[in-house]
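Chemist: Here are the chains, one letter per residue:
There are 2 protein chains.
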Amino acid sequence: MADKAEFDLIKEYFTPENWRKDVVLGVGDDCALLAPPTGQQLALTVDTLVAGIHFPVETSPADIAYKSIAVGLSDLAAMGAEPAWLTLALTLPDINSDWLQSFSKSFAKTSKDYDLQLIGGDTTQGPLAITVQAMGLLEPGLSMQRGNAKPGDLIYVTGSLGDAALGLKLLLSNTSVDQEILDLCLSKLNRPVPRINFARAAAKHCSCAIDISDGLAADLGHILDASQCSAEIYLDKLPVSRQLEKYYTNPDHGKLEVDWKLVLAGGDDYELCMTLPEEQSAALVSLAESMALSLTRIGRVGSTNGLQILDENRQPFILDKSGYEHFDNNG
Amino acid sequence: MADKAEFDLIKEYFTPENWRKDVVLGVGDDCALLAPPTGQQLALTVDTLVAGIHFPVETSPADIAYKSIAVGLSDLAAMGAEPAWLTLALTLPDINSDWLQSFSKSFAKTSKDYDLQLIGGDTTQGPLAITVQAMGLLEPGLSMQRGNAKPGDLIYVTGSLGDAALGLKLLLSNTSVDQEILDLCLSKLNRPVPRINFARAAAKHCSCAIDISDGLAADLGHILDASQCSAEIYLDKLPVSRQLEKYYTNPDHGKLEVDWKLVLAGGDDYELCMTLPEEQSAALVSLAESMALSLTRIGRVGSTNGLQILDENRQPFILDKSGYEHFDNNG
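Note that the protein sequences, when read in sequence, are chains A and B.
Quick note, in my numbering, the first sequence goes up one by one and the last residue is 331.
Quick note, in my numbering, the second sequence goes up one by one and the last residue is 331.
This is chain A alone, in the form it adopts within the complex (with noise of 0.2 Å):
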């Protein structure tokens, strides 16, 4: 094979500069070394994108980048933590300069905005794959956790959801649409803004939320399993983008009403469920309204179990199928 040196990608791409104190050793020794601050608990998540399943093959390599720090910071969003450090394994079919700079460009500007330095990392030969492992910190305590919705609690979502499934299916079926409908679609599928700043906050208020990677149907679901409760949720409350909306209503897209299957099901919206007392939802209305972020009650925590979507008669609407199936589980 061909010499080491030209394999050394980590440390030739991606060493940062050391700007956080936490960080002891970063990059370049058998471990990084980190000093956590004292009595703050720490969030881990780790996930793998594969090209192909969890992104089309033509994604531009910053749309890549940008989208595996984004997965993870969304998780770290969903428990409250605020962000601290990320390693990172990244498996290439080969050596491309011009795709690892525009990788490694984007990676870099990415985990400094949201101030995660990477630590660590590993290249190997193989399909494109990016496996991170994102960590951060949060005080016992202030967790959020699927486990805690009780019954009789209200149920929000952040943004609008769908979109970014109806990006990917644009892509893939090279529909004609107008430019806004495709820019805001595109945007949310390559570039999901993960709630970091308003979950922080909310954790103080909120004890139970999860982020939607699978669609909202699989996982409210979640917590559901998690929190032995049921939810009753409507149709004509979620959240959904004027351009969506535009595109369903629009006689040349085949139909005149939301596809509420995509909507519940597509997958890919990085936005936040969350559940909590009717009596402590004032405060995070006002702290989503304090923040410029659309949130939308969508329905209730009930005591026995499972989903039930209720359509605008109150009628049962049935999903024929609850996720986005991209053999993929995050633990």
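It should be emphasised that the hints constitute simulated quantities derived from the structure, not laboratory data.
Ideal Cβ placement from N, Cα and C applies to all residues, glycine included.
The reader is advised that the hints may include incorrect statements.
[Claimed, not checked] Which residues of chain B face chain A? A partial, calculated answer using Cβ under 8 Å:
#1 42
#2 81
#3 91
#4 131
[Claimed, not checked] Derived Cβ-Cβ restraints for the label pairs, each shown as a range:
#5 15/B - 142/A: 22 to 32 Å
#6 246/B - 225/A: 54 to 64 Å
#7 193/A - 304/B: 49 to 59 Å
#8 249/A - 109/B: 53 to 63 Å
#9 17/A - 292/B: 42 to 52 Å
#10 250/A - 105/B: 50 to 60 Å
Dock chain B against chain A, hints included.
Modeler: Showing chain B alone in chain A's frame:
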């Protein structure tokens, strides 16, 4: 694609009992939560093993699982850290439940044996690859780092070198050899023993170590680069096993002396190379004796630069390849 539940592999095969008190929340939420002990530093390492590159495709799932953890443990040992937690990102070509059962059983046993609790993971579809991030704990000031070698230091190596590389060579060439040679070499290839306990105690005497994964020449070279020193080592001091020597002194195997290139650059040894001042070496030697671990002095650090390898006549030995080139970089 198939039903999501079918692919919930980390939860199905890998959810361990929670036996470590510092694990607040293990596998199953958006993040794992840890409460690390106050005042300790964290050591982290990430390694990807790819089938056909880092291990032969025929390797048993139990051996692959063992090795994927041992490689990370060896990095923790090289820093002097105590093992604590790990995450697993597993890429599988398909769902083979026999394979998964053997892999996960060996993974669970190995991690428990070293008190490393699995706290999270992700599974994706693709060519077989295993990324493990291993995390450990250490006292501030007691880490062994590559940059701490000083001119005059003695250089020591644990165990014996070259056995794993000979094992791989025997496997690939299907050479017929004595069973005892094959047994030792395959055991060193598939079941390297990370020098955790020795390293934890050695860190009190020694501040510079690296684990030998790419071959002694390359890895000692990393110490010299990081410490801006030189070194002289002697072929006739390098520790080789009785079995390796027996293989190479058998005229049927083509030569009558040890293949020093394989010993110096074959890689996959997972032994430790350490440097320390002469006055501290007696403590290290008696520590190794007390643990019945072979520890060999192989040379001395100097004040110029580069690695000088000398043969039995104290003439330079020229190594035309500095490491085992597996397109791999451990950051």
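Chemist: Work down the list of hints and note, for each, if the structure agrees.
Modeler: Here is how each hint holds up against the structure:
Below 8 Å, beta-carbon pairs count as interface contacts, and residue 42/B has one with chain A at about 4 Å; its hint therefore holds. At its closest, the beta carbon of residue 81/B sits 7 Å from a beta carbon of chain A; the interface hint therefore holds under the 8 Å criterion. Satisfaction of the interface hint for residue 91/B is found here, the shortest Cβ-Cβ separation to chain A being roughly 6 Å, below the 8 Å cut-off. A cut of 8 Å between beta carbons decides the hint on residue 131/B: the least distance to chain A is about 4 Å, and the hint holds.
Between residue 15/B and residue 142/A the beta carbon distance is about 25 Å. The supplied range of 22 to 32 Å therefore holds. For residue 246/B and residue 225/A, the Cβ-Cβ distance of about 59 Å falls inside the hinted range of 54 to 64 Å, so the restraint holds. For the hinted restraint 49 to 59 Å between residue 193/A and residue 304/B, the CB-CB distance of approximately 53 Å keeps it satisfied. Checked against the hint of 53 to 63 Å, the C-beta distance between residue 249/A and residue 109/B comes to roughly 58 Å, which is consistent with it.
Between residue 17/A and residue 292/B the CB atoms are about 45 Å apart, so this pair conforms to the stated range of 42 to 52 Å. At roughly 55 Å, the beta carbons of residue 250/A and residue 105/B sit within the given window of 50 to 60 Å.
Consistency with the previously given hints is maintained throughout, with no hint failing.
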